[in-house]
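**Q** Here is what each chain is made of, one letter per residue.
Number of protein chains: 6
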Amino acid sequence: MSYQPGQKGVVVQNIERADQAVIDGLAECGVATVHEAQGRKGLLASYMRPIYPGARIAGSAVTMLSAACDNWMVHVCIEQLQEGDIMVLGTMSPCDNGYFGDLLATSAMARGCRGLVIDAGVRDVADLTKMGFPVWSRAISAQGTVKETLGDVNVPIVCAGQTIEAGDVIVADDDGVCVVRRADAARVLTKAEERLENEEAKRKRLASGELGLDLYDMRPRLAEKGLKYV
Amino acid sequence: MSYQPGQKGVVVQNIERADQAVIDGLAECGVATVHEAQGRKGLLASYMRPIYPGARIAGSAVTMLSAACDNWMVHVCIEQLQEGDIMVLGTMSPCDNGYFGDLLATSAMARGCRGLVIDAGVRDVADLTKMGFPVWSRAISAQGTVKETLGDVNVPIVCAGQTIEAGDVIVADDDGVCVVRRADAARVLTKAEERLENEEAKRKRLASGELGLDLYDMRPRLAEKGLKYV
Amino acid sequence: MSYQPGQKGVVVQNIERADQAVIDGLAECGVATVHEAQGRKGLLASYMRPIYPGARIAGSAVTMLSAACDNWMVHVCIEQLQEGDIMVLGTMSPCDNGYFGDLLATSAMARGCRGLVIDAGVRDVADLTKMGFPVWSRAISAQGTVKETLGDVNVPIVCAGQTIEAGDVIVADDDGVCVVRRADAARVLTKAEERLENEEAKRKRLASGELGLDLYDMRPRLAEKGLKYV
Amino acid sequence: MSYQPGQKGVVVQNIERADQAVIDGLAECGVATVHEAQGRKGLLASYMRPIYPGARIAGSAVTMLSAACDNWMVHVCIEQLQEGDIMVLGTMSPCDNGYFGDLLATSAMARGCRGLVIDAGVRDVADLTKMGFPVWSRAISAQGTVKETLGDVNVPIVCAGQTIEAGDVIVADDDGVCVVRRADAARVLTKAEERLENEEAKRKRLASGELGLDLYDMRPRLAEKGLKYV
Amino acid sequence: MSYQPGQKGVVVQNIERADQAVIDGLAECGVATVHEAQGRKGLLASYMRPIYPGARIAGSAVTMLSAACDNWMVHVCIEQLQEGDIMVLGTMSPCDNGYFGDLLATSAMARGCRGLVIDAGVRDVADLTKMGFPVWSRAISAQGTVKETLGDVNVPIVCAGQTIEAGDVIVADDDGVCVVRRADAARVLTKAEERLENEEAKRKRLASGELGLDLYDMRPRLAEKGLKYV
Amino acid sequence: MSYQPGQKGVVVQNIERADQAVIDGLAECGVATVHEAQGRKGLLASYMRPIYPGARIAGSAVTMLSAACDNWMVHVCIEQLQEGDIMVLGTMSPCDNGYFGDLLATSAMARGCRGLVIDAGVRDVADLTKMGFPVWSRAISAQGTVKETLGDVNVPIVCAGQTIEAGDVIVADDDGVCVVRRADAARVLTKAEERLENEEAKRKRLASGELGLDLYDMRPRLAEKGLKYV
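Protein chains in written order, with my numbering: chain A, 1 to 230; chain B, 1 to 230; chain C, 1 to 230; chain D, 1 to 230; chain E, 1 to 230; chain F, 1 to 230.
Quick caveat, the hints were computed from the structure, so don't treat them as lab data. Mixed in with the good hints, there may be bad ones.
If several chains are the same, the list does not tell them apart, and a pair holds so long as it fits within one copy or across any two.
Unchecked claim - Restricting the straight-line Cα-Cα distance to at most 25 Å, the calculated cross-link-like pairs of lysine-lysine (PhoX-like) are:
id: 1; residue 1: LYS41; residue 2: LYS225
id: 2; residue 1: LYS41; residue 2: LYS8
id: 3; residue 1: LYS204; residue 2: LYS225
id: 4; residue 1: LYS41; residue 2: LYS147
id: 5; residue 1: LYS204; residue 2: LYS8
id: 6; residue 1: LYS41; residue 2: LYS204
id: 7; residue 1: LYS147; residue 2: LYS8
id: 8; residue 1: LYS225; residue 2: LYS8
id: 9; residue 1: LYS130; residue 2: LYS147
This structure is a prediction, so every number in the text was calculated from the model and none was measured.
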């Protein structure tokens, strides 16, 4: 039975995931490079911030759509996690309450989960930091949630302005969070790696004092547009 | 003479405080646990953020109501501080200016003050970080304030959405700030400690891979609500 | 030929800078002290936050006015940088996209640039942190920009609520960003240093337990305004 | 049995109200005058906006504390309404969902309710406008709420930054919302009416071209502070 | 040739639309009723506000994905409009500039367009009001846009937090904007009309003074949850 | 004696103004047209909203720089007003308090003032609406201000992100507020009128069903960029 949009209370159990080596390659490239490599799409809104600096991860999205201020589906979601997954939570209406804390993180880590991307609040951030469980969220709040309303797991959701489907690849670091469609992951990795290689060459030239104006041959077009030096 | 609400320019000098051992116990429990233990009330708005990560404190509230962009009452307030107190500042209208910096912190620390919770701005945050004086604020701003208008000290105030009375217990950490009524402090500590103990047991079971769905026996109620696995 | 306000596509090449020793002195004083010393003007809006804590810099402003979501002028600007400069970017309309990342920082550092103040977004913040290139920005975003529209370099701009002219001195630290007019720099430094010296004496007295109420002789004026102790 | 702060699920049935003639007098004075007359306290945050322009009301507060995104207590509250009351709703954590629409307004109007002040969302605003039922809210949203969690009725709440007790007088117009303590209402009305009379005289003088500088005799103090005309 | 997600510069020309009578029926029901009738999904974020009060429309979505601050695709989109359509614009990154004004509205109206829903800015609002062309937007801004970067027309977009596909039904009024999947439109209309009829009966009973507590039989469940009257 | 930037407490009494006929012409053109005509500069931030719809004015800026939450300089400013002027207020740090109400408006109108543009709050908006005195502000708030700190009158200020000098022309309508440099006013009016004339012709063609794609000859460049119709 396929998923009918609009249903509430559906858990899709079998999702396809991208190749793990591709996912790990995307993590190494980082958000800014991956975002550029796939044509500048898929970036979540800039209000999504990491709870601590320095984490850089990628994984397969296990998605949740939750009611406002209701974290019941997080428990349901955790059962669907596999090694290397990232939980991604969208809400039916905005809520900054803390949907997730150290106990849920303990459970998720026991299943190999790499992190959480949540368009809502998180709590126990000191503990999560010690545990090394990275979270990107819109808020930090100790205010808890209820468990009253069903949502869905592994259905397409909107999280921080992007549509995310189960099995899409999530890349997250200090620059934010980007989603790569599962089917595009390998192609995007190839482009991202080319980009990094290309950047490495440019970095050396720029470090030696060569100007971007010359490296990218911008002077003629600037002049044509009418740039005047006075 | 008792305090008449609405007066301006009143300093209440003798306030009752909770038992220091109870206060210190609440600090160890942390904001999220204390907030849950007292029935999910008393949490300040999530825009109140610590100026540096990792601090976890509790203390008796010494409250101030200040005019917008006027920090005169901070000086008045410091005289009322005792060992183990936390200053809490609310304003008559919103202002992000820096009401507080390293000199005031030096003075407050000399009286045993443990930190500041301020619904306004703070400055000298690099110095405050070096001094280990934690502040939770709505803004960081070098813009100073004036000393023209009287406010009140140790009267009930609203700070970041919560009513706070002098002598209430303030708990603050990376998750935010919570207020516990003085009279409730001992009872809340008992519940918070029970909660922590209970969580410790759950943590082990979750870490071993047991699911919250089973640990909390959620499956029957989810089924009853109509959750479908597809 | 002098700069005509309203033109687009002008690069002013020769700007005057303040004395480097004065600039370095202002850096040591820090934002809060410099801001007070010059009569509480010149502070940029408090939404301008450093990408990592602990940096404290000063430098001569090399200014840019850029179109929304268009970073072309950053490349033009870098050619104008000298040892000790700080790039300052204002936009024609608000945009949170990442105008600046590690390659541009590499190029700017090769010319001796000390940092960037940008009323827009920045990316590659993990790399910038490792490189020790400090940035104060309104947002962190991996979303890139285009190179289509001319702006201006070294013209007066508005950045985060302050007018900034090329050659003004920028001071930036964890408290935010302040601009000092080039012609005022030496005078402001003198006042700032006096202020620091004065503060040092006060700090010792406050640390020993003396109250600000007495140190600043506030009691008579508080009484005159009607402050009541109850 | 008296109300114990912190309980959930309490409805206080008998509340004292201010004299209706006083309340009606305060409505005529309007928010800005009443706020000044009581010493500039009691103003709710400026994000509270009327759903349509031109309403000016006052009434006795019937208060509610509701869970986030849960409007169950509105139904409970309506039973407590008397002719001339205003419902005032605060939430346990922030929520912009629409707690209130035309059916609830129909019910409230049947009991003589004059309006709603809600630190959350409202919906059916076109209908409410046609019905002439004024609402001051932080948001307009068609997103509904649940009925799962108990709150309290006629307990002290915080609404948009102010503590409000049942029976306090609420004044609301296009300038916002102000609360007057029940016990202060008569005294505040007297001052407000004096103020209006006083303003009427000033208005005529100002309309004839006399300057505030002269009317309020500001010139000497401005000169003393050092104002220079150039 | 089918649309490949991630492409830029694609205009899908033939889209399916819902039955016009169904669409018109949904307009009469209004946003709040339609949103409830379809199970509380599809509501756009509450920051989307009408430029003038009183409009209530429904139509088939003709979607656009535009670059930040670039309105080129609006011109492309207008060619795809049919009688009864509503234009819906999402952006690749946030921008408040005015993408749309009276000339574009003139052109859209000439093709029978009923309105615009835009997750960006709009201008000429006084003219649009006179013309009776309703717009729901996140901002009003006279700042124009460029025409440099291709986007897509009639592809799935995210607008104000909701995924919208070409041909979906958009309903918009003073309460905000809601999207109904094309395939669900007839079913949702039936439910919405039932709901309205049901509400009409309730309205009469509530207007006569019957309480919601009794009408919805809430008293037993409130008592069971522990509500106490004191 | 000329104005020294950085001074506080200076009132510049003689300012030059643009030709009144030019100013009135700019009012007729409106903000969006004027902004385009002068090359898309000078637009104030979009958070500046009119207190009532439908006003369209232009006038010579009489500027004020005020301390946070201190409206003393408004009284000083009013003395400097001439027939046809618009008051423009910037603050030294952000404040939403109501700096201005009906008495000040009465006084300003007595001197021929056409309106107020204020990067802060305003109050008595129902009265101002009745009086027909238009205000563009960042907030509406009944919270008053103090009169303690000197500012400046007729010095260059930053208001809502734009530098404004005394005598500059301010144009304001439902789209927002735009500043035109005094020296540019006549030239900008000419361009704005050309633009309006040109738009009139286009409006007719668009109203008749001609597409912008053809009217502006966009098809070749869209094809060149790679737009595909599917």
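**Q** Give the relationship of LYS41 and LYS8 under a CA distance limit of 25 Å: within one copy only, between copies only, both, or neither.
**A** between (28 Å within a copy, 10 Å between copies)
**Q** Pop the pair LYS130 and LYS147 into one bin, within, between, both or neither, using alpha-carbon distances up to 25 Å.
**A** neither (27 Å within a copy, 38 Å between copies)
**Q** Cα distance capped at 25 Å. Does LYS225 pair with LYS8 within a copy, between copies, both, or neither?
**A** between (55 Å within a copy, 10 Å between copies)
**Q** For LYS41 and LYS147, with the copy left unspecified, which applies at a CA distance of at most 25 Å: within, between, both, or neither?
**A** between (34 Å within a copy, 18 Å between copies)
**Q** Given a CA cutoff of 25 Å, do LYS204 and LYS8 count as a within-copy pair, a between-copy pair, both, or neither?
**A** neither (54 Å within a copy, 32 Å between copies)
**Q** Should LYS204 paired with LYS225 be assigned to within, between, both, or neither, using CA atoms and 25 Å as the limit?
**A** neither (29 Å within a copy, 32 Å between copies)
**Q** Between copies, within a copy, both or neither: which fits LYS41 and LYS225 at Cα up to 25 Å?
**A** The answer is between: 18 Å across copies meets 25 Å, while 28 Å in one copy does not.
**Q** For the identical chains here, do LYS147 and LYS8 meet the 25 Å Cα criterion within one copy, between copies, both, or neither?
**A** both (15 Å within a copy, 18 Å between copies)
**Q** Could you figure out if LYS41 and LYS204 sit no more than 25 Å apart (CA to CA) within one copy, between two copies, both or neither?
**A** neither (28 Å within a copy, 38 Å between copies)
Violation of the numbered hints given earlier is confined to hints 3, 5, 6 and 9; the remaining hints are satisfied by the structure.
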